[in-house]
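> The primary structure of each chain is shown beneath.
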Amino acid sequence: MNDETVSIRVNGEHRRVPEGISIADLALELGLEPAKVAVERNLEVVPRSTLGSVTVEDGDEYEIVTFVGGG
Amino acid sequence: MAARPEMPTADDCWTVAGRTYRSRLIVGTGKYKSFEENAAAVAASGAEIVTVAVRRVNIADPKQPMLTDYIDPKAITYLPNTAGCFTAEDAIRTLRLAREAGGWTLVKLEVLGEAKTLYPDMIETLRATEILAKEGFEPMVYCADDPIAAKKLEDAGAVAIMPLGAPIGSGLGLQNRVMIRLIVENAKVPVLVDAGVGTASDASVAMELGCDGVLMNTAIAEAKDPILMARAMKAAVEAGRLAYRAGRMGKRRYADPSSPLAGLI
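If you're matching them up, the sequences are chains A and B in order.
Just so you know, my numbering puts 32 at position 32 of the first sequence, and the rest follows in order with no gaps.
Just so you know, my numbering puts 58 at position 58 of the second sequence, and the rest follows in order with no gaps.
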């Protein structure tokens, strides 16, 4: 393990997270269940099957969404 | 007369994009006071499809309850919408995420022209429909009450045509019966009135025009008793559908007695 961090944005908010973590790790760190959300990374949808294998990179921009009530 | 046990739920299903449903009422899940009330209203409505929105998760409070905890997506079809999208690109981006979140391709497309009327932008809507169909989506499309635009949407790959009856959330009832009827006559895919229903009779009117279904949110959610109104809407949609199938009597300008004139003393 190293103590380096990377700088990212999640849903418009700036965050620092440990270097080398996966997107699934990021979701868990945020308190989210990866199975209940969808993730967009730098405007590209990340397939759920690859959330565990894609590494969070410095400067990434994420949108993490879910279903809410709507008409 | 022999008893006719047939019920609207038993033998009168409708099919969209290969999926068959008994209920012709689709309900929204917005504007409810609580998830409990929302879930009870959906149950009372008998709806098998609910619309949902796609929004950012609340990172500040990730453990708060979620819609899926109250309305089971395995039991009820979730129809993700693009409410709040004003361009084809925004709508497509939203639905690509929805497809990943849910794993399904049946979606509700709406591309709005402006915030005041929430009237659809048909040029952007048509463009988005073409792109979504090419990407394998099955879009049910909110649209203007324009029979020509409706036909173009169908040709572009819309799996259902959903004209508004009045502005979203207005509860004004169907303002455009003639146009809705024309769209129904011309369409080869299901036609559902989406938006404008205020009370039960409005839903019956839509069904009596031959629509395959009705989609509503505010009429139920903003009723004083949403669960009772959900029951009313279920009955109204079924009654309107039965009346359409039964074929209404012709209209006359003057009276026509119901009792025989022969044998009058």
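These aren't lab readings, by the way, just hints derived from the structure by calculation.
Fair warning: there could be bad hints in the mix.
Keeping only pairs whose Cα atoms sit at most 25 Å apart, straight-line, the calculated DSS-like set for lysine-lysine is [claimed, not checked]: (1) A:K36 to B:K224; (2) B:K74 to B:K63; (3) B:K31 to B:K224; (4) B:K151 to A:K36; (5) B:K134 to B:K116; (6) B:K134 to B:K188; (7) A:K36 to B:K152; (8) B:K116 to B:K31; (9) B:K152 to B:K188; (10) B:K224 to B:K188; (11) B:K188 to B:K151; (12) A:K36 to B:K116.
> Hint by hint, note whether the structure agrees.
Tested hints:
no. : hint             : verdict
1   : A:K36 to B:K224  : 33 Å, violated
2   : B:K74 to B:K63   : 22 Å, holds
3   : B:K31 to B:K224  : 13 Å, holds
4   : B:K151 to A:K36  : 37 Å, violated
5   : B:K134 to B:K116 : 31 Å, violated
6   : B:K134 to B:K188 : 19 Å, holds
7   : A:K36 to B:K152  : 36 Å, violated
8   : B:K116 to B:K31  : 18 Å, holds
9   : B:K152 to B:K188 : 12 Å, holds
10  : B:K224 to B:K188 : 38 Å, violated
11  : B:K188 to B:K151 : 9 Å, holds
12  : A:K36 to B:K116  : 33 Å, violated
In summary, the numbered hints that this structure violates are 1, 4, 5, 7, 10 and 12.
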